[in-house]
Amino acid sequence: MRYFADWIIENLEFTRAIPSEYVYLIIMVVGGLLLLLFVVPMAGALTFVERRVAGKMQSRIGPNRVGPQGIFQFVADGVKLILKEDIIPTAADRRLFKLAPYIVFVGSFLTFAALPFSQKLIAADLNIGILYIFAVSSMVVVGIIMSGWASNNNLSLLGGMRSAAQIISYEVPQILSVLAVILLTGTLGMQGTIKAQGWAPQHWFLFHNPFAFIAFFVFFISAVAECNRIPFDIPEAESELVSGYNTEYSGFRFGLFFLAEFANVYVISAVAVTLFLGGWNTPFYLPTGIWGLLPSAVNLAGLITFLIKTFVLVFVCMWLRWTLPRLRVDQLMTVGWKYMVPIAFFNLVGTAVWMLVWGDKSIAALLGG
Amino acid sequence: MRRYFLNIWEAISTIAKGMGVTLVHFTPARKSITIQYPDRTPVPVVETLPERSRGMLTFDPDVCDACSMCAMTCPIDCISIDRERVEGAKGFVLKRFDIDMAKCMYCGLCTEACPVKPKGLEHTREFEGATDRMEDLILEFIDEKKHRELVEKALKKAEKLKAAQNEE
Ligand code: SF4
Ligand code: SF4
Chain L
19 MRYFADWIIE NLEFTRAIPS EYVYLIIMVV GGLLLLLFVV PMAGALTFVE
69 RRVAGKMQSR IGPNRVGPQG IFQFVADGVK LILKEDIIPT AADRRLFKLA
119 PYIVFVGSFL TFAALPFSQK LIAADLNIGI LYIFAVSSMV VVGIIMSGWA
169 SNNNLSLLGG MRSAAQIISY EVPQILSVLA VILLTGTLGM QGTIKAQGWA
219 PQHWFLFHNP FAFIAFFVFF ISAVAECNRI PFDIPEAESE LVSGYNTEYS
269 GFRFGLFFLA EFANVYVISA VAVTLFLGGW NTPFYLPTGI WGLLPSAVNL
319 AGLITFLIKT FVLVFVCMWL RWTLPRLRVD QLMTVGWKYM VPIAFFNLVG
369 TAVWMLVWGD KSIAALLGG
Chain Z
13 MRRYFLNIWE AISTIAKGMG VTLVHFTPAR KSITIQYPDR TPVPVVETLP
63 ERSRGMLTFD PDVCDACSMC AMTCPIDCIS IDRERVEGAK GFVLKRFDID
113 MAKCMYCGLC TEACPVKPKG LEHTREFEGA TDRMEDLILE FIDEKKHREL
163 VEKALKKAEK LKAAQNEE
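Heads up: the protein sequence lines correspond to chains L and Z, in order.
Mapping to the working numbering: the first sequence position 12 is 30, numbers consecutive.
Mapping to the working numbering: the second sequence position 5 is 17, numbers consecutive.
Just chain L, with the same shape it has in the complex (with noise of 0.2 Å):
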């Protein structure tokens, strides 16, 4: 986005005249704008995606009535969802009730802001972006229980508490293994870890050593949990708890909470390729200006490697939906604090070790010579 916004500084006459801090600010809506155009659709799709997979995979067909093989399902149910009647329960406490699902959507559409597309296409490049991503993703939790409160209901309350215990207890083996690709990298930025990787996967941190794969599947487990997940959704667990937090919403509210989870989905995904997959690295070395490409070309190869990996990884986590069953909230405990933590640890501390001995090589560097 800065890089945009330099370039517009820079090039168009007009903005000279206008203080270049405005210029920023403006540019910095449009950037916001234009992240929610790509989020709410992608988020809607992904419901319908969602829904003919799981279909497939149950021997079934799944929506394919609205329009060709269904695609527009999501934007019908999209219109319903807005249509419907907005019911705030007389006991609920109405300020908190309203504000909760702000707080969900916004908490998991913050972390875009950092979020990498492709080489230049970032909205903020922070340099602390890892640890942003995790700071206001943690807001989705306060959003849950808020909701699970003031809806003033047993089932919605013990939906919000189980999230909180659950997110609470899954943040920290996630950031125990997200530590170790820092260990590996020495940055928190987005941009710098994946330049720190290769196009090819013998370059990325999921195959730098022993320790990264295992951390990569301590994250991308824990991740899933976060997102209150199937098998990780006791939160809205539909035999126990109705739906859990969002059991008394409806309408246009319901419609944040799922839109939010499914943001959440592709964020975790991204995270996940951004710190493991190598990112936007195009499998190919495009040589800007000789063979006449120009800059965004290769923009454009970042994005859509980076797009294809995310939703692969979208789909892993579809895939496990649909296979795996729900876990109790002791067995939920158990592996978390049980296994996903000392794993996580020993992930660390194991990739402390290889730096000790082999610097950041990785395995592939060492078996080459």
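Just so you know, these hints were derived from the structure itself, not from any lab.
Any given hint might turn out to be false.
Here are the simulated DSS-like cross-link-like pairs (lysine-lysine), alpha carbons at most 27 Å apart as the crow flies [said to hold, decoys possible]: (1) Z:Lys165 <-> Z:Lys131; (2) L:Lys356 <-> Z:Lys29; (3) Z:Lys169 <-> Z:Lys131; (4) Z:Lys29 <-> L:Lys74; (5) Z:Lys43 <-> L:Lys74; (6) L:Lys379 <-> L:Lys213; (7) L:Lys138 <-> L:Lys213; (8) Z:Lys157 <-> Z:Lys107; (9) Z:Lys158 <-> Z:Lys129.
Computed far set for chain L versus chain Z, every beta-carbon distance over 12 Å [to be verified]: (10) Val47; (11) Val58; (12) Val84; (13) Gly85; (14) Arg113; (15) Tyr120; (16) Leu139; (17) Ala142; (18) Asp143; (19) Trp217; (20) Phe225; (21) Pro228; (22) Ser268; (23) Asn317; (24) Phe329; (25) Trp376.
Since we're looking at a predicted model, the values are computed, not measured.
For every residue, glycine included, the Cβ atom is placed at its ideal position computed from N, Cα and C.
Got chain L sorted already, so can you dock chain Z with the ligands onto it with the hints?
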């Protein structure tokens, strides 16, 4: 301690197994078993039903004897028959033959009772009778025109019979 690592191994291997199963289902190798009734079936569902299934009743006034056995057999009286004698003809002529399919329980007793061959009353495979007006389910097989036709037929038959007797 051994148990701990066994648990991890078990988790990994069973999840991998399960995901393998779902992946096989995801590939085009497995077709969906959904039947998209009513509008997207390869052949109309009626045609896939067995020959002897009991659907809506059908009635053939031309073979019926107007004996009203069916109406008497029916346990819930869904068949209403009005019949009349015609001057110069033998037996009865049907004036009304209504079956209330809303009441019918598809027991098939009426078709069993019908003495003529081929049967006047029979089940078809047709079952899609859903409607939002109950009256639509009363099947009326005899109207004014059909009634007149039946009267003429009965008279003609009687004449023929008389002519045959005269010849003897
Ligand atoms: S099928 Fe049974 S219930 Fe229906 S009309 Fe015949 S005898 Fe009556
Ligand atoms: S039993 Fe057969 S022949 Fe007799 S009235 Fe009924 S349909 Fe006609």
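We went through each hint and held it up to the structure:
{"no.": "1", "hint": "Z:Lys165 <-> Z:Lys131", "verdict": "holds, 19 Å"}
{"no.": "2", "hint": "L:Lys356 <-> Z:Lys29", "verdict": "holds, 23 Å"}
{"no.": "3", "hint": "Z:Lys169 <-> Z:Lys131", "verdict": "holds, 20 Å"}
{"no.": "4", "hint": "Z:Lys29 <-> L:Lys74", "verdict": "holds, 18 Å"}
{"no.": "5", "hint": "Z:Lys43 <-> L:Lys74", "verdict": "holds, 8 Å"}
{"no.": "6", "hint": "L:Lys379 <-> L:Lys213", "verdict": "holds, 15 Å"}
{"no.": "7", "hint": "L:Lys138 <-> L:Lys213", "verdict": "holds, 12 Å"}
{"no.": "8", "hint": "Z:Lys157 <-> Z:Lys107", "verdict": "holds, 10 Å"}
{"no.": "9", "hint": "Z:Lys158 <-> Z:Lys129", "verdict": "holds, 21 Å"}
{"no.": "10", "hint": "Val47", "verdict": "holds, 42 Å"}
{"no.": "11", "hint": "Val58", "verdict": "holds, 27 Å"}
{"no.": "12", "hint": "Val84", "verdict": "holds, 14 Å"}
{"no.": "13", "hint": "Gly85", "verdict": "holds, 15 Å"}
{"no.": "14", "hint": "Arg113", "verdict": "holds, 43 Å"}
{"no.": "15", "hint": "Tyr120", "verdict": "holds, 35 Å"}
{"no.": "16", "hint": "Leu139", "verdict": "holds, 31 Å"}
{"no.": "17", "hint": "Ala142", "verdict": "holds, 36 Å"}
{"no.": "18", "hint": "Asp143", "verdict": "holds, 35 Å"}
{"no.": "19", "hint": "Trp217", "verdict": "holds, 27 Å"}
{"no.": "20", "hint": "Phe225", "verdict": "holds, 18 Å"}
{"no.": "21", "hint": "Pro228", "verdict": "holds, 15 Å"}
{"no.": "22", "hint": "Ser268", "verdict": "holds, 29 Å"}
{"no.": "23", "hint": "Asn317", "verdict": "holds, 33 Å"}
{"no.": "24", "hint": "Phe329", "verdict": "holds, 15 Å"}
{"no.": "25", "hint": "Trp376", "verdict": "holds, 26 Å"}
When the structure is compared with the earlier hints, no violation turns up for any of them.
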